[in-house]
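Protein chains in written order, with the numbering used here: chain L, 115 to 553; chain A, 115 to 553.
Read the hints as simulated data drawn from the structure, not as lab findings.
Bear in mind that the values here come from a model prediction, so they are computed numbers and not experimental data.
Check the hints yourself; a few may be wrong.
Same chains, same label: a pair holds when it works inside one copy or across any pair of copies.
[To be verified] DSS-like mimics (lysine-lysine), calculated; alpha carbons at most 30 Å apart, straight line: (1) K159 <-> K229; (2) K413 <-> K466; (3) K263 <-> K297; (4) K436 <-> K415; (5) K263 <-> K415; (6) K259 <-> K415; (7) K436 <-> K297; (8) K265 <-> K508; (9) K229 <-> K216; (10) K508 <-> K436.
Protein chains: 2
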Amino acid sequence: MAHRSLVNLLLFGNRTISCIFALRSLRTVACGASSAPTAGFKPDKVAVVTKTTRYEFEQQRYRYAGLSEEDLKQLLAMKGSSYSGLLERHNIHNNNVEHIVKSLQREGIQVRVVKRGEYNEEVVRWADAVISAGGDGTMLLVASKVLSKDKPVVGVNTDPERSEGHLCLPVRYTRAFPEALEKLCRGEFRWLWRQRIRLHLEGTGINPTPVDLHDQQLSLEQHNRAHRITTTDTHQRSGMLHQTVSEPCLLPVRSLNEIFIGESLSSRVKVKPFKPHANFLLHRASYYEISVDDGPWEKQKSSGLSICTGTGSKAWSYNINKLAEQAVEEVLRIGMSEAGADLPLSPEFIQKVTDSYNESLVFSPAQRRLLYSVREPIVNRVFSSSRQRGFASKVCVRSRCWDACMVVDGGTSFEFNDGAIATVSMSEEDQLRTVLLEN
Amino acid sequence: MAHRSLVNLLLFGNRTISCIFALRSLRTVACGASSAPTAGFKPDKVAVVTKTTRYEFEQQRYRYAGLSEEDLKQLLAMKGSSYSGLLERHNIHNNNVEHIVKSLQREGIQVRVVKRGEYNEEVVRWADAVISAGGDGTMLLVASKVLSKDKPVVGVNTDPERSEGHLCLPVRYTRAFPEALEKLCRGEFRWLWRQRIRLHLEGTGINPTPVDLHDQQLSLEQHNRAHRITTTDTHQRSGMLHQTVSEPCLLPVRSLNEIFIGESLSSRVKVKPFKPHANFLLHRASYYEISVDDGPWEKQKSSGLSICTGTGSKAWSYNINKLAEQAVEEVLRIGMSEAGADLPLSPEFIQKVTDSYNESLVFSPAQRRLLYSVREPIVNRVFSSSRQRGFASKVCVRSRCWDACMVVDGGTSFEFNDGAIATVSMSEEDQLRTVLLEN
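I would like the entire structure built from these sequences, with the hints used as guidance.
Laid out in structure tokens, this is it:
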């Protein structure tokens, strides 16, 4: 009955009138927890945040060199890239964005389109809901500025042929967005509250200024300033070096996928003070100590530590832990050989075991627990390691790194050097409200 | 008999006289290939290349801030590091270096001690043999400037408690170096020729200037200059953009452990030309195409590609491919469940299977073949991947990356962007001559 009134309102009423089940009064329905119908959802104001296409990136990259479009085309061709291919993806994305925007406007919804570089807290405050128009990366960016669990975020995959879109609506809604809007309005969907991670940081000389890794405008100087071990301060306060360790500080970020801790692969600090950091791809192992659920501290050496959510268990964490059929087959073969057993290892059987193993790496985004994974653990005469992977409510990490970072969702980094301690946990208020639509 | 004459020469003859089995006339004995005695080896001139200790690094790091030793001690303490601990390792290293140097001098050998920053081709030319005094990292550096297969390189682990020293002599020789020298002189050892990797690079806009990732003096500007896509040149030659792809160029490096190809984890090129790169730890997947032994090209997306030697099969490649007991147990458990079988999975059994699997990842340094490993392959709707790991004589890689590098032994990087093609292979003349001493 409520649905019908809603439909009537839409068809016959003033389209700018928010339906009576306005955003603020919506009943919340946890994923799978109840079969009660979800109240309809029709926001007045929607911000659409769009990704930067590769075509745009290449254009900007060479813009300062004053290249014409023809020059750009030839340059890309020389590199074996296809100018027309990039332009095609660019146009597909833009067409899909236009489709979304027009669909919203037809429903009388105020729309504001912002490029990822223009997206900020003000946009979030203005909007009743935020749509991410891009891929999973754009969703992560959008989520990163939504700290309240009441503001819905919806992802639309604007290039399904090129983008996975795990965090986006099913691909069919990309070109059928009005259908999605209709279902939202009717309440024919579920809310999915994705648990996110919060971070406390403590230790001396830590400047908890986040560095936005995607910020194209950030110069190296600004990066250094943000991340510098306060050696100048230390020098000035040399009489006060007995200063105590700072209190744990709750960082102003929430991670939707994962926290990754590891050496930042930078070369060493210059001996001469005014030469900037030269940062290179250098494989240096990460040293740290880890304590799970207030357990004993354990020293580890590895390629880094990933601590992910249920959402993130399908992302980088999945790739860290996933096994290839080749490895599974070899393990089973050796197992049979060692046991003197004779089990037929058909390709179908191998695939079944592999899929089963890999599926066990994924868990529900709504679960309030973390999955920690040690990436490429180094076990030798000097170091040992217990579990490579496990669930937890809380993970503490003490850095023993030379020049490490804590990276949130691959997009924001915090300095995390020798002596710093990070506490990784989850809290109910950190959830992100997203939409689950039937395919 | 030859041995006795040798001993006599040493004990009674002029110590500066090279023994009759001088370096140049040594018979070569491949590892395990022959039981004929190795001719003795006594070089006239030995260069000893020493590592930088962490203590020295921390000192240099803060030197510009004008900190006193006392300040440094307090600063380290605040970070939870132990100043006295670092100093202790520093002294242990230096004592061991002194032990090596004195042992050499006692044999009448000319010794030249060089820090890693001072080590160059001139030192290699001067020396009859080069000793690496440090850990495996120092050995890689030493090897990187020895391109001839006739110049012996010997590694001594100067901090066995902290360093693995896979590439070094057995640890007991660290404090008993005269014993090692004696055995060398008597021929009581084997030569181990470690096969190395050579690299050809082709593609437009490639500047094959290697960047030394450990070079503390290299400013970011120099790095950019070395690695810049020649956009300025392109602009000036805009009338000549039809320039053909450059010929494959053999790079002046030989890899002892591995080549690693991957996105350099840098943020994007600045829109404004005079703002330097800001490079951060950003997990971006690497896109490339791979062709094994002239097979068909296959597109891949992963965390990077490792191509290693037998020597390197115990290094990074090993950690990429190694399985934890936890994973092996899970695979076997699922396998048993899927097959409806009931095999007891005791901890000892799991450990046996795990060790057996991991041992199969390692092969002899003398073998002239490569092992390629795809690190964290991304397999989804968009990308697929065949073998995650395999042997080959030749591997070709075409970059589809935005900002990638090819890293040689974790120490030297080459730009490897969209369109560039690397050919990775081995040649008999690229071997490194090292020493195999009984424990």
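Hints, one by one, checked against the model:
{"no.": "1", "hint": "K159 <-> K229", "verdict": "within (17 Å within a copy, 65 Å between copies)"}
{"no.": "2", "hint": "K413 <-> K466", "verdict": "between (36 Å within a copy, 25 Å between copies)"}
{"no.": "3", "hint": "K263 <-> K297", "verdict": "within (21 Å within a copy, 71 Å between copies)"}
{"no.": "4", "hint": "K436 <-> K415", "verdict": "both (20 Å within a copy, 14 Å between copies)"}
{"no.": "5", "hint": "K263 <-> K415", "verdict": "neither (36 Å within a copy, 34 Å between copies)"}
{"no.": "6", "hint": "K259 <-> K415", "verdict": "between (33 Å within a copy, 29 Å between copies)"}
{"no.": "7", "hint": "K436 <-> K297", "verdict": "neither (35 Å within a copy, 48 Å between copies)"}
{"no.": "8", "hint": "K265 <-> K508", "verdict": "within (26 Å within a copy, 54 Å between copies)"}
{"no.": "9", "hint": "K229 <-> K216", "verdict": "within (17 Å within a copy, 67 Å between copies)"}
{"no.": "10", "hint": "K508 <-> K436", "verdict": "both (23 Å within a copy, 27 Å between copies)"}
Figure legend: structure checked against the earlier numbered hints; hints not met, in rising order: 5 and 7.
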